[in-house]
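Chemist: Listed below are the residues making up each chain.
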Amino acid sequence: MTDEVTQFTVEFTVSGRTIACDADQFVLTAALAAGLKLPFVCRRGICGTCKSKLVSGKYDMKQNGGIRPREIEGGMFLPCCSKPLSDLVIEK
Amino acid sequence: MTQATPDLRALLARRRPGYTLEAPFHTDAGIFQRDLDIIFGRHWIHVGVEPDIAEPGDCMTVDIGPHAIIVARDDDMNVQAFHNVCRHRGARLLYEPKTNVGNLVCPYHQWTYGLDGSLLFAAHMPDDFDPGCHGLRRVHVRSLAGLLFVCLAATPPDDFDTMAAALTPYIAPHDIRRCKVAHSEDIIEPGNWKLTMENNRECYHCNGAHPELTRSIFAEGFGFAPVGAEAEAQAERFHTLVGTLHHDWEQGGLPSREIDELVGRPTGFRTERLPLEDAGESETLDTRVACRKLLGGLAEKRLGALSVWTQPNSWHHFMSDHIVSFAVFPLTPETALLRTKWLVHQDAVEGRDYDLANLTAVWHATNRQDSALVGKAGAGVRSTGYQQGPYSPDTEGLVEKFCAWYVERMVAGLDS
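Residue numbers (this note's numbering), protein chains in the order written: chain B, 1 to 92; chain D, 1 to 416.
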């Protein structure tokens, strides 16, 4: 038996890589699994090390103070604690 | 050539009231270190204003001698202060004078602290590592109606509350918390920090040095006593104005009378609401308000300038339309940082409600004139020909009070 899990694509514009990310998977987890080298430390939305610019797409983020509302308004997000709600394009 | 540090205790004991301090107080590296320890390490030091950190996550860095500090606004809108030093390897956390953060993250190994200073995250530490023992070191911080003060001592002087009780009714109508910092400037003055303070505590020099400032202020409000018929007539006009305006202002709910608590207590202060010349509205070139939107709930433009001084390192002028706030920080034995901030109502719009050049013209010019004077005093004091000179009993009584406060606090500090 297999569960149907929605999958999205995540494009990294700087490295030129496009990966798949399950809807219930953190973007950072999927990127690391695909062999991308991204900066991260806490993986819990606390330290902000993985902060990245989102070019397009929607996500669900459960952060813990690692990013300010005004940074989010400015297009930044934390891949370590964000799951995709659509295909994503990230400036990384 | 190096000189031995003179005996500070002996210099303090032989200080001659009414005379300038001996040269080593303005030049000696050893005495400078004791100033940093006793004066700046154990007293309430003015560091900024609440609008410097208006929003949650706003942080301001301040260096008080060797003490690097972060003053922050937490998510509950409380003001917090910490040493700007990571508890891991000691790296400096923040460098920007002003920034907005989520958590405080050390750039070295990403140890992450909440805005309450608690350590939230540290990777690769063993199971028996206790984050609760590794929060940022706290610094005492207090807000006096929006003026921020820190104290680095474990046990700060206990008289802050009496200063706050006395000054708050004077300052509160200007509603610092609903202001914004329209402009800030730093000047490195070429003299010991005490020369900067002494220069501020008298207006003997104003007529000769400050053509812009004296368009609006009366030197008499800063301890100046007149000599000669014309000056006496001017002083008479000033004192008549004080009598009339103090009455009017106090009837209108604005405490105005002088309170002088500069000496005899750790947290010395002074205040008085002072009339201004001509239109009497503001310390501007035309003596009229520089900002159309008045502060707080004020409706009257002609409120003179509320003067507030705190020992050891600040002075402030509160007008109906703007506030100019000054803080002095020691840098080296013979240099000091003068940080000046111009505050207007938070809703005032530059270009519509105020012109920045007009707002800052008087004190921008006056600061430069004062800095040059401090440099001349510093240059003379370090020369071999310097000997102590007498303060004018008429016009420099408040300089004497600054020196008397300094000496009494240094003696108390050496004895404790």
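Treat the hints with care, as some may be off.
[Stated by the list, open to error] Pair by pair, the computed Cβ-Cβ distance ranges are: (1) Gly30/D to Leu36/B: 55 to 65 Å; (2) Ala34/B to Asp127/D: 26 to 36 Å; (3) Asp159/D to Glu91/B: 52 to 62 Å; (4) Glu258/D to Gly75/B: 53 to 63 Å; (5) Lys62/B to Ala91/D: 26 to 36 Å; (6) Asp158/D to Lys62/B: 39 to 49 Å; (7) Asp60/B to Asp158/D: 47 to 57 Å; (8) Ala172/D to Thr18/B: 32 to 42 Å; (9) Asp159/D to Met76/B: 38 to 48 Å; (10) Lys53/B to Glu212/D: 39 to 49 Å; (11) Leu36/B to His124/D: 16 to 26 Å.
Rather than coming from a laboratory, the hints here were simulated on the basis of the structure. Quick caveat, the model's predicted, so the values are computed rather than measured. Every residue gets a Cβ at the ideal spot worked out from N, C-alpha and C, and that includes glycine.
Chemist: All hints are to be evaluated individually against the structure, with a verdict given for each.
Modeler: The hints, checked one at a time:
A hinted range of 55 to 65 Å for the beta carbons of Gly30/D and Leu36/B is consistent with their spacing of about 57 Å. Hint check: Ala34/B to Asp127/D, Cβ distance near 32 Å, so the stated range 26 to 36 Å holds. Separation of Asp159/D from Glu91/B is about 55 Å and conforms to the stated range, judged on CB atoms against 52 to 62 Å. Glu258/D and Gly75/B have their C-beta atoms about 54 Å apart, which keeps the hinted 53 to 63 Å range intact.
At roughly 29 Å, the beta carbons of Lys62/B and Ala91/D sit within the given window of 26 to 36 Å. Between Asp158/D and Lys62/B the beta carbons are some 45 Å apart, a value that agrees with the proposed interval 39 to 49 Å. With their beta carbons about 51 Å apart, Asp60/B and Asp158/D fall inside the hinted range of 47 to 57 Å. A hinted range of 32 to 42 Å is violated for the C-beta pair Ala172/D and Thr18/B, which are about 59 Å apart.
At roughly 46 Å, the beta carbons of Asp159/D and Met76/B sit within the given window of 38 to 48 Å. Range check, Lys53/B to Glu212/D: Cβ separation about 47 Å, and the 39 to 49 Å hint holds. Between Leu36/B and His124/D, the C-beta spacing of about 22 Å keeps the proposed range 16 to 26 Å intact.
Comparing the model with each earlier hint shows a violation of hint 8 alone; every other hint is respected.
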